[in-house]
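2 protein chains.
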Amino acid sequence: MNKVHVFNAGPCLLPQVVLDNAKAAIDNFAGTGVSLLCISHRTKEWEAVMDETRALWKELLHIPEDYEVVFLASGASMEFLYVAMNFLEKKAAYLDTGVWASKALKEAKGLGEAVAVASSKDRNYCYIPKGYTIPTDADYFHITTNNTIYGTEIHEDIDSPVPLIADMSSDIMSRPVDVSKYTMIYGGAQKNVGPAGVTFAIIRKDALGKVSRYIPTMLDLRVHIDKESMFNTPPVFSIFVMNETLKWVKSMGGVEAIYELNRKKADTLYAEIDRNPLFVGTADKEDRSLMNVCFVMAPGYEHLQDEFAALAKSRSIIGIKGHRSVGGFRASIYNACTLEDVEALVACMQEFEQAHK
Amino acid sequence: MNKVHVFNAGPCLLPQVVLDNAKAAIDNFAGTGVSLLCISHRTKEWEAVMDETRALWKELLHIPEDYEVVFLASGASMEFLYVAMNFLEKKAAYLDTGVWASKALKEAKGLGEAVAVASSKDRNYCYIPKGYTIPTDADYFHITTNNTIYGTEIHEDIDSPVPLIADMSSDIMSRPVDVSKYTMIYGGAQKNVGPAGVTFAIIRKDALGKVSRYIPTMLDLRVHIDKESMFNTPPVFSIFVMNETLKWVKSMGGVEAIYELNRKKADTLYAEIDRNPLFVGTADKEDRSLMNVCFVMAPGYEHLQDEFAALAKSRSIIGIKGHRSVGGFRASIYNACTLEDVEALVACMQEFEQAHK
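As given, the protein sequences belong to chains F and X, one line each in that order. Heads up, the first sequence is in my numbering, so the first residue is 591 and it goes up one at a time. Heads up, the second sequence is in my numbering, so the first residue is 591 and it goes up one at a time.
Treat the hints with care, as some may be off.
Chain copies aren't distinguished; within one or between two, either way the pair holds.
[Claimed, not checked] Distance condition first, Cα-Cα at most 30 Å in a straight line; then the derived DSS-like pairs of lysine-lysine:
id, residue 1, residue 2
1, 817, 911
2, 693, 634
3, 680, 699
4, 711, 817
These aren't lab readings, by the way, just hints derived from the structure by calculation.
Excised from the complex, chain F in its bound form:
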């Protein structure tokens, strides 16, 4: 069988060594003779995994001392609620960069006053709004740094006059981040830091405890910090795979080295999209995502879309169908996607050009 090139938007590709180590642990976890799926989370062997995973986060992202990292079951959709529950007192400000940003805003509106300070909905979210003003009376300003559906990304750590909270579900660990500029960074693991079933949150500890509402136990971030993400049984397997994924990031040279690879992958693919007369990118160039590369058939070639999809499939390229709200194609090139995978897609685009130009 040919090597399969996986461009799924998420859950997405994980490094082979991570998969191999997950399988080995299902046989025998940490030399205990017991499967990872059958161990008690109250064993020293498991607590060592929790400790190491936290330490890897702190090391890889250079997280300052006054922050803590927690791992929560569920997905970023539940974390939308954690944000509002733990930080919204009078008013929250959100940047509307797509469906996920809108969903985060909706959860805040359910608990209090929340506003979108700017939106790129006017052009189907194909750009990141600029020149907006963050209200200084907001409890926090919320951004979604990478927008998987539209292939846009906020590339800098913005300066905010109020606490900055970022959903980095789809670009965490893909590039260096100045964590000190954020009050909270959160996201689902299933792009760059593991499989589905676990989320992360990096929280400046002294920012908590400032809201007056009652917070249910499991939604109170202080509980999870105090209990080191073990208030209740954690999602053991997903955290184990997260640990393995972070060890792989470290083995690759850390986030800084991964970032160079990611730039090279994205540059290679965007260069082909810009060169190849059959295709055109959908996001504004300055806001193009390094993680999700969205493109459609160029004007005059729209009728060839299904044919290109079929060719890609025949070349073992899977997961490039665009989201229904954008159409066309989306290649998600997260950390574990290799330059070889990207080159396979580029070769397929060139082959298609030769056949149709």
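The hints should help you fit chain X onto chain F, whose structure is shown.
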């Protein structure tokens, strides 16, 4: 290496075929050529797993038509909140049978009026309260059917004048249940139906939508029913393992056959505890759990506790340390624990008796 006999309280033993199939799917999920950890949850192959898992629940527990089954990330601790959010309007009634029941009650108290109608705290929860009255003006009556820490269990499906809601985290699928007597049955998967990281809820659909509070999206059970547990990315791996575990239950002859095995295992172990002069059970006999068998050294033999623990360890028996609030020993004999495992523990107890009587 000797076969390891795992009596962990949870996460706990899973059948070997389940572990083998999980490993195989990490290599290649459903013939896709892609790892289970890297597949999109929006593929027909994954949707087939979701459909089959729901269907297995309905088949194995003979769930009536007007109920639906949902799978949620997180643990039963989060479901304590789901219960109160979705069902508590004026007043809720709880049966206090231990720490987990108390935690469920605490979450309800956070949202409104909630009372314990009876408690067995007076004797460290070593029995199930009897003869209590369920207030007819309660929105629901909540029970914890099996109490892992103390080894007690409610063996019958009780008749309640108000909607009955049960946390069955630790005895679901271990015995037949008349689902029609309950408005909701819920729990974490990590005892009898899978690994940590996913929960289940069986809900009578027409019982929802009767509270006036705002329910955040992810806490609204109607959302998860409407979206067939795919409102957001589900905990893919944990649900896959749940599916495999349910297929194993079916292959064993279903819940009714498993129940017979469970009775035999429990009878064998309790018989030894009652016969062996060195040990004594901690739960009242009529309320003894079929899942968690708690025992301590008999009066006069307390000094031998560490020595028995060491002997068990040398016989590859692990996970029998009792919870700190009860002390002594706890053998958790969930579905995947075999009669052979139980017999190994009994043999160890008899060997210890021979050495010390």
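Hint-by-hint comparison with the structure:
1. Taking CA atoms no more than 30 Å apart as the test, residue 817 paired with residue 911 passes between copies only; the shortest distance there is 22 Å, against 42 Å inside one copy.
2. Only between protomers do residue 693 and residue 634 lie at most 30 Å apart by alpha-carbon distance; the minimum there is 25 Å, versus 39 Å within a single protomer.
3. For the homomeric pair residue 680 and residue 699, the shortest alpha-carbon distances inside one copy (11 Å) and between copies (25 Å) are both at most 30 Å.
4. In the homo-oligomer, the alpha carbons of residue 711 and residue 817 lie at most 30 Å apart only across protomers (25 Å), although the nearest pairing inside one protomer, at 40 Å, exceeds that limit.
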